[in-house]
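Chain residues, written in single-letter form:
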Amino acid sequence: MASQTHILCFVNNKGGSGKSTTCANIGYSLSSLGYKVLLIDGDMQLNLSLAYFEEEFVLETAKSEKNLYAAIKYQKDLSDYILSTRYPNIDMILSSTLMSSIEYELFTKWQREYILKNGLKKIVERNEYDYILIDSPPTLGGWVMNILCASHYMITPVEASPWGLFGLANLFDFLSDIKYVTPDLQMLGVCITKADTRKNYLKQTITALEELKHTYVFETYIKVDSSIEWSQENGRPVMDYKKSSRSAIEYLSLTKEVVSRVNQQQKH
Amino acid sequence: MSISSKSINRINKAVETQNTPAKVALIPPPKTSEQDASSTEASETSGITQKLPDYLL
Ligand SMILES: Nc1ncnc2c1ncn2[C@@H]1O[C@H](COP(=O)(O)OP(=O)(O)OP(=O)(O)O)[C@@H](O)[C@H]1O
Ligand SMILES: [Mg+2]
Chain A
1 MASQTHILCF VNNKGGSGKS TTCANIGYSL SSLGYKVLLI DGDMQLNLSL
51 AYFEEEFVLE TAKSEKNLYA AIKYQKDLSD YILSTRYPNI DMILSSTLMS
101 SIEYELFTKW QREYILKNGL KKIVERNEYD YILIDSPPTL GGWVMNILCA
151 SHYMITPVEA SPWGLFGLAN LFDFLSDIKY VTPDLQMLGV CITKADTRKN
201 YLKQTITALE ELKHTYVFET YIKVDSSIEW SQENGRPVMD YKKSSRSAIE
251 YLSLTKEVVS RVNQQQKH
Chain B
1 MSISSKSINR INKAVETQNT PAKVALIPPP KTSEQDASST EASETSGITQ
51 KLPDYLL
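If you're matching them up, the sequences are chains A and B in order.
For the first sequence, this note's numbering begins at 1 and goes up steadily by one.
For the second sequence, this note's numbering begins at 1 and goes up steadily by one.
Below are the DSS-like pairs computed for lysine-lysine, each with C-alpha atoms no more than 25 Å apart in a straight line:
{"id": "1", "chain 1": "B", "residue 1": "13", "chain 2": "A", "residue 2": "203"}
{"id": "2", "chain 1": "B", "residue 1": "6", "chain 2": "A", "residue 2": "199"}
{"id": "3", "chain 1": "A", "residue 1": "36", "chain 2": "A", "residue 2": "121"}
Hints are computed from structural coordinates only; laboratory data are not their basis.
So here's chain B without its partners, still in its complex pose (with noise of 0.2 Å):
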């Protein structure tokens, strides 16, 4: 199989996993009372902040 067949494929492949749970384990970060309160904003962070994400390290 050539290069372009292959990497269609494996777009395919990409775009259809897109929807199953991060290969990086999550840590929250951990809830301050001030978090609780805010609602949307909270949920930005994303425990990104305590673990350094894959593509940076």
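This is chain A alone, in the form it adopts within the complex (with noise of 0.2 Å):
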């Protein structure tokens, strides 16, 4: 049983920036170190979901009840929602193609904000998860904000390139903006995603990330890699497809710095 949950989201309203890779394989990174993991799909996109299941399946999930809109949308216990996937220490609760009509489900809900906080509160209190990881949307809305709400600490993908650290500075804009309504919630660090090591744009990404005064950004970066999309056509985290290959080692590396930090937070 786990001494106590911790509850991780990926978030960064610009697509594509390596939310849904970083959080299945952090989530796999994880088990491998021995931790109960439970994975949350927050995006209609079905992304983390195809991460670890056939596509007939999370399609066939998709239409079903058993998935994250229905919870939401009927304000459920999400305990009733998880699936185990071939791995014993990962479970996960799948998302639905629906979630693109969430926020109108929000919208008429009283404390909109909390829905999926007040969902997990039987799984957390029960201690069954050490780690509990949402994965979210390219977007920064209701649902966005229920995610914020129901998680402890924060990762934030980001590509490095010009836009990439744009966006970025519009996150902490929009962070700051809430910060009323999610006080407690801690940005654990930026991570690097995608590293294109052979462009000399990569170093001045890195050099400027050196300037930020007040956020973590985690040493290990993530490279191009293409085992990461060959993992992906075959449904599986990069660790158990080809465990020798660079971004499997990497996202292992970045995984001991996330407990360890999160280990450090808890300390303080």
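Join the two chains into one complex using the hints; note that each chain is given alone, in its own frame.
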């Protein structure tokens, strides 16, 4: 049994920044380090679901009543929506394409920022999981607010590009505006993804990020690696698909940093 | 100054101003006797349901 459940979300409204890939692979790496993990796919694109399950199963679940959309719509205890993956220490709540209309569902609800948080209450109370990881869509609205309100920590994957950094600044402006709704949420760190070491621009981005005063940038960055795409093609985390691949090694190292950052924050 | 440098400055500024009062004036929810009794849950209401927050407008 876990001593305490840590809830981490992966948020960046810039699309394609590596949220789902990072969530899926940190999830797997955490389990390889002996932690019990619950993954929650909060995005209608179903990418986190696809990282672990066959396409047919993902689409079938998306149409059924056994997904996150149904749970949020009817404000249910999320315990009843957990499915087992092929890995004993990793469970998942899958998403639905209907998540596209979740904003409308939330609109009329009382305390609408806290529907996800309330749905997770029983799971957290049971201390069944060491980590709950939530993948989010590339938006900033009421649903992402739910994800932020339900989480203890936030990780922001970012691509080393000018618009990537511009988007990151917009995200921080948003976070600053909503701080009063999520006072306890901590930014665990920014991680650079899809880094192309052949490009000089990467160096410039890293130099620019060094100027961040109060925001942690993970030392490990994830480089461009075709094993990521191959692993996704095969519906498996990269560490299971090809343990010796560069990205598998990098994601394990990033995960160790995440664990040590979380433990550090706990002490404060 | 480049986009990246400007963005980094904006991030630093956003984090520094995070603890200043919210831009949105919060209207506290009307208290019922029931809410008075429940302590932690009631504070989570924070008036959000009374006024549409900026990001939903
Ligand atoms: N290290 C990597 N090397 C190569 N390709 C990568 C890597 N990381 C992610 N990708 C690819 O980049 C694309 C975007 O990644 P991903 O879907 O994880 O981003 P996202 O932030 O979740 O996107 P969205 O905002 O649409 O949800 C995917 O096609 C993924 O396969
Ligand atoms: Mg995604």
